[in-house]
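Here is how the chains run, residue by residue.
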Amino acid sequence: MTKFQKKLWIGLLVIALFTPLGILLPDKFNARDAWGEWGTDKLEKLLGFVPEGLKKLTDLWKAPIPDYSFGGEGASKSLRVVSYLASGFLGIGACALIAFIISRSIARHGK
Amino acid sequence: MHIPDGYLGPETYVPLYGVSVGFWAIAQSKLKKQLSLKHVPYLAMASAFSFLIQMFNIPIPGGTSGHAVGASIVAILLGPWTAVLSVSVVLIIQALVFGDGGITAVGANCFNMAVVMPFVSYGVFKLIKGKSEGGVRLAVSAFLSGYLGLLVAALFTAVELGIQPLIATGADGRPLYAPYPLSVAIPAMAIEHLFPFGMVEGLVTVLLLKYFLKHEHDLVYALSGHSKTR
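Keeping their order, the protein sequence lines are chains A and B. Its first residue numbered 12, the first sequence is counted upward by one per residue in the working numbering. Its first residue numbered 44, the second sequence is counted upward by one per residue in the working numbering.
Everything labelled a hint here was simulated from the structure, so no lab data went into it. The reader is advised that the hints may include incorrect statements.
Stated by the list, open to error - Pairs of lysine to aspartate or glutamate, EDC-like flavour, derived with a Cα cap of 16 Å:
id, chain 1, residue 1, chain 2, residue 2
1, B, 81, B, 215
2, A, 88, A, 70
3, A, 14, B, 259
4, B, 81, B, 259
5, A, 66, A, 55
6, A, 67, A, 78
7, B, 76, B, 176
8, A, 17, B, 176
9, A, 18, B, 259
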């Protein structure tokens, strides 16, 4: 790893310490989910019904860490913050590793 | 901008899977010719960076929240095809591990954020930059690259969601998937990405480009002589 790359990695890891802002700020300003990403409860409230096709597909996949939270959506705020922070590091590691493996297998040698 | 499972019907998500797989195949063959080993660590970092920046949800007080994607700066620094690959990795991990974006919608989400966005961003940057190698014009090009890249990606997302009520309704006439028509989806997505999310993507793009120009000028793909498409 070059010195410059090391510096970039340190920068990324330092920024990763601040990820909890990504849930604390929306909480503080009472900003809800992104547009078009509501859960079925919220859709029921918005529309008065949950679209049939949507209902069938919505629980197709059980993600191991849904919504970046170890305790699901009903988790306490402190657990959500800790989960979010940990998810950040986990995600960075997973993305870097997989992107590295894929690009390493594609890249030309000796160039 | 991560479409969840159930918001798109198979008439939409199946073809978009096909389109994304097509782009992945082209990206692989392009990169096989052009990607050198010294870029591999940067590609890994680009992926990590895109994941990280997407965690910073920006609130619109009393409204919704959203975030930048990072695909614009990756396209400028490493080339649009590299961005296709590194941002797709992020979106697939988000869907599989964190349930952010649906499994059925992976093709659509990758098309919007890992194909449309990097190519629009790269095109805007090259077009506005012209022959300039620095200064205000370069900064403006970088800002608009991020700003418009994210906006166009959001508009594609809005169209995919907004056509659902036209394509599929139940026997009772109610929509089967995403319920809002184009006339609602497009303004909703456009306004929040015009301000503030697009602004953030634009700023991030300018600041990082400036940083790389200062410290590792030769790395910047969009300013290098061989910039066909990596």
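The hints, checked one at a time:
no.	hint	result
1	B:81 to B:215	violated, 58 Å
2	A:88 to A:70	violated, 24 Å
3	A:14 to B:259	holds, 11 Å
4	B:81 to B:259	holds, 13 Å
5	A:66 to A:55	holds, 11 Å
6	A:67 to A:78	violated, 20 Å
7	B:76 to B:176	violated, 27 Å
8	A:17 to B:176	violated, 27 Å
9	A:18 to B:259	holds, 12 Å
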